[in-house]
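Heads up: the sequence lines are chains A and B, in that order. Quick note on numbering: the first sequence equals residues 1 to 707 in the numbering used here. Quick note on numbering: the second sequence equals residues 1 to 707 in the numbering used here.
Calculated directly from the structure, the hints in this document are not laboratory data. Virtual Cβ for every residue (Gly too), placed ideally from N, Cα, C. A hint or two may mislead.
Stated by the list, open to error - Chain A regions said to be covered by chain B (calculated; three or more residues, Cβ under 8 Å):
(1) 205-217
(2) 287-294
(3) 297-307
Chain residues, written in single-letter form:
Protein chains: 2
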Amino acid sequence: MAFHSSRRLVICSLMSTALAATAFGDEGMWLFNNPPLQQFKEKYQFEPTPQWLDHLQKSSVRFNSGGSGSFVSADGLVITNHHVGLDTLQKISSEKNNYVRDGFYAKSRAEEPKATDLELNVLMSIEDVTERVNAGVQPGLSGEEASKARGNVIAQIEKESKDKTGLRSDVVTLYQGGVYNLYRYKRYDDVRLVFAPEEQIAFYGGDPDNFEYPRFDLDICIFRAYENGQPAKIEHFLKWNTTGPADGELTFVSGHPGRTDRQLTVSELAEARDVEVPYLLSMYNRREVLLGAFGARSFENARRVQQDRRGVENNRKRYDGYLAALLDPEVWSAIDQREQRLRDAMNSKPEFKGMIAAYDRIKQAQADTAKVLPVYHYFETNRGRAGATYRAPRAFYSNLFKYARRLLRAGEERAKPNGERFPEYRDSNRESLELDFFSTEPVHPDVEQVTLADSLTDMATAFGFEDPLVRQVLAGKSPADRAAELVTGTKLGDPAFRRQLYSGDPPAIASANDPMLELARLVDAPARAARKTFEAQDETKQQAYAEIAKARFAIEGTSSYPDATFTLRLSYGPVLGYEENGKQIAPLTTFAGLYQRAAEHNNQPPFDLPKRWIERKGKLNMSTPFNFVSTADIIGGNSGSPVTNKANEFVGIIFDGNIQSLVLDCIYAEKQARAVSVDSAAISEALRKIYDAGALADEIEGKTAQR
Amino acid sequence: MAFHSSRRLVICSLMSTALAATAFGDEGMWLFNNPPLQQFKEKYQFEPTPQWLDHLQKSSVRFNSGGSGSFVSADGLVITNHHVGLDTLQKISSEKNNYVRDGFYAKSRAEEPKATDLELNVLMSIEDVTERVNAGVQPGLSGEEASKARGNVIAQIEKESKDKTGLRSDVVTLYQGGVYNLYRYKRYDDVRLVFAPEEQIAFYGGDPDNFEYPRFDLDICIFRAYENGQPAKIEHFLKWNTTGPADGELTFVSGHPGRTDRQLTVSELAEARDVEVPYLLSMYNRREVLLGAFGARSFENARRVQQDRRGVENNRKRYDGYLAALLDPEVWSAIDQREQRLRDAMNSKPEFKGMIAAYDRIKQAQADTAKVLPVYHYFETNRGRAGATYRAPRAFYSNLFKYARRLLRAGEERAKPNGERFPEYRDSNRESLELDFFSTEPVHPDVEQVTLADSLTDMATAFGFEDPLVRQVLAGKSPADRAAELVTGTKLGDPAFRRQLYSGDPPAIASANDPMLELARLVDAPARAARKTFEAQDETKQQAYAEIAKARFAIEGTSSYPDATFTLRLSYGPVLGYEENGKQIAPLTTFAGLYQRAAEHNNQPPFDLPKRWIERKGKLNMSTPFNFVSTADIIGGNSGSPVTNKANEFVGIIFDGNIQSLVLDCIYAEKQARAVSVDSAAISEALRKIYDAGALADEIEGKTAQR
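Isolated chain A, as found in the complex (with noise of 0.2 Å):
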């Protein structure tokens, strides 16, 4: 777990503490079109062919739900983390099928059940736009028409690239705004899935293990990517390698780390530790007690909230430790110094004095954006990230009003010239927008009536029950009572519905009259107007960002990496243990120690052991390495990525962080920060011996084409 997605907000960073131009350690997310060479010759003596590069840029996938796995046939098999097909996994099952609990092998092609909305992209091709953009944006605008004009131009250059290539197409910012890159995708919209173990052996240890090490988990999950319904043929896929990396072996990682910000201003930060970081943990601290309070009533119930369940337990574990990281004085002394060490060079050079004043216009961007956030978070958005699933607004805690939201806004926006659009509305994204739209993934009233009226006791508590906004939303009734009627009166869980709505025109939505849909236009215009002032305050940001990136650049030099953006990267380092409370912690665990520690606590939850894997202990070999850790440069995101030797063979897959990773948002650090992978000799292991799927291990294995 862990390491999915990413409903993460603002996050840090710091290159160790001096503002060296060479990475610390093992530092870094690499763009693949500025990999590490230096790095890896010197420290590694390793030096890559750009064949090398370019065979594991296209056989990285990523997972658009919030996640990253890589090919490992040629028939399209796609090896994920279990906990981002969960997301899959939940939406095709049913108190019947329960796929999450049980697991699932098909045994045929045939029986390859299809995801309701997964959605996977292979980068194909990277170009640098920066120019076009910039030049798009005119000087002495204010924040409001400069963050229109970057958006026109940037929903110019993907619409002409998706037409002209049928890529999707995505500009994407690096360098805090230094940069813009254009990024094409080869996308699969029908993904199957193959295989899944048991929840109970994927997230071993449950919550108390999540984070930490040693580790005994088997978290995959096999899909397979098909086009014009045949398997897809996969000319870039990775060498499967059944024995797993040795201790001290140098290891790559290619992925989608979510998001780091480790170039934000100590004024940025201090938002971050003071309020946004609680804020989001307040958050999830109810919703943990929420969904474990309704999931205790009934094994049904804890099916039905299952996934978001362990999403909101994960998000929290990882909020606290950022909190911690950030709460710690050493930590923030070192981002102190780094700003001032930053400022001191740009002091010291007339070309750059000027540039100063950028951090200031940051902390009234700040201030003003502050204004804004509380509707702009409970009424306009949850702060999905760049590529992941949209999520309701905090105060509305419903996949129905998201539905009912994505119909208003799409006949609103779609009304629109293309480039006036908000980006999600955009042409380039109407295929993934829609792919999500019409899901066929169920809903369930319960869930549903429980999460909103929740949300809605929330946001009359954030605003006072007096509000005029809350008045309106509750329309006299109580949140309970509100959740109930919206919830039953709507239509908008029939995803014919939906689709009949959403093909027709505006005067048709208008004239639906469907209460959730009412409730959607209801707050329209207070949710967009946060937004716009969001918008344009995020824009000035960018714009005082590319000034301290083109200074940083100038002093530093430009051979070093961006924050991440849930783009690909390249990370690596060695595998490696470390010393944790004066013990040292051994980099590999085996089957053996899962047993072991089993009986530890009785076979208790989360401890206990599924039953396939007590009746066939006796097949295994109990010294299969399990899963291992090393010093690769990861965040959330990079869940599902592959985890290759200097052959460019899959060795691993990242799943985790440990506890003392989390401190990663904000700081690379080599001594105890661990990136935690499954070892691909035991998933060679537990395909054959466990699950009976010996013609699946074959087939990633190479050793047969088809099964």
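Given chain A, put chain B in place with the hints provided.
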């Protein structure tokens, strides 16, 4: 669970929606010196004798840890709820002897283990001291001076009474300051455990079933009071009825409702709704998550935080329900109308017109209090309830801090004249304070570190990392490091060390050089300052409420009951079912229903049965009534209250209210709100058939004087 004690803040009330002097339905938590004789006679043709009332009063027991109980044998047997006894069960358990999980039965008196710090009180007399208290407060004093003067005269009355009678003597504020009564209690502080069932049957159904009905809980715990090392000889104890009450039978409840504020102003209730209850819920949510995550790591972790976790979950569900009531426009409109009618009545009478200003004075006092509330809550008090155990303030979620503050303050306060001390350090409370301070309850450093680190984090985010007081408290360390330093450095976990310092002079405390004691000293001045302001404003409120009360008495007559104050009250009402979602809920459940519920949930937690209950199913009479509901008006603190019939026999024991009763804090609602009890018949049957405790059953049933 559910109705245990009360870290409860502001609650509210409303005598139906009308200002009628006679209570609505079976409303009321009546004083024993002003019982609802008229209602008894008119509605139920029942006329109890003074002896009947005296017997019930003196058979009733207050658990100072926060709950109620009653004597049920001549040899000192006291029955209460399992969740009231849980505090003691937790404190006398260990990893090896887990009385919470496994239950306990002392086969002989020699085997009855002594509680670490349990104090029982029996109300012996009530005396009106209103005139003397008010005479001690000269008109025209400032809030601070008046608060001091009132404290002085109250301390004097209490000390005189204690010196004269030897009884615990508390001056009790009734009608929000309209009346002051002197309550004299017989204390028992040698209390021993006789019987407890397994938590799994005492709290069957766990959090999902808490505050719900139908119900199947054996929520009982039996202690024995001792005097001079021998079982106490009890004159007033309740005769046991082995068949329980019939459907429709009138019953009485004699217990200690913790607190209602049914006479709070609308402005105070709005503060409760928008500020205080959300504030409390944010604390309970974060603690529920914290303790849940800690407990999931191992059985022993779970055991160590079990009682605390239960209490937190209970409060979270309770406040969720209370907030839902406050956010219900129907409830709110009734609250509004109630105040408006009283204001109208006051306006229409010249002699009360001037008193309307009291509402504004309360509002002003709220505003003045609000300025110090964060410091007051985080550094001075977690708002312990009158009579309930003191709890550490929110910033220091730690028993060790509690001891440190006690020690520091005891030294400071004892040096002052008795009347000028904080109430908890007055001579009249000395025995109770020392019982708690010298408790041998275990202190678990691992738990302390986790809870203290979390509350320090909470504090840092509430005030901001740069706040001067926060910086002083953290002393340049992260919350986790600071907590570790404090917990490992202090010696206050050792009762002998506490006793030694406590018995020494203040200089001994000053030179103790204990880090936790130093922390208590560090925050003492700001904490005291906040409390001073809080109490001065509280005095202002009390005077204003006293004026409103005077007007209300004159307009409505005085035949009403005051808000609950954790003092003895009499409630009543018949055993009666109710309708919920169109379905009729029968008032009584049976053992058969318990087994059916377990079967429906595959005997999985929290619906699993203890081993004994599975093995001995065949011995039980399945039609034995198990739990029942009545219309009695109860609230937190009533847990463990005896339920009696007209013959003054014990027919059951209160342990909960249903979910519809959570509104009772602010409105009496007979339609659906119900008090939930264990049937006396089930207790007899279970003791004999499940627990082989025939001797104990004989004693409570009066069949033997001596086991």
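Results of checking the hints against the structure:
Counting residues of the segment 205-217 of chain A whose CB lies closer than 8 Å to any CB of chain B gives 3, which reaches the minimum of 3, so the coverage claim holds. With 4 residues carrying a beta carbon less than 8 Å from a beta carbon of chain B, the segment 287-294 of chain A meets the three-residue requirement, and the given coverage holds. Check result for the segment 297-307 of chain A against chain B: holds, 3 residues qualifying (beta carbon to beta carbon below 8 Å, three or more required).
In the structure shown, no violation is registered for any of the earlier numbered hints.
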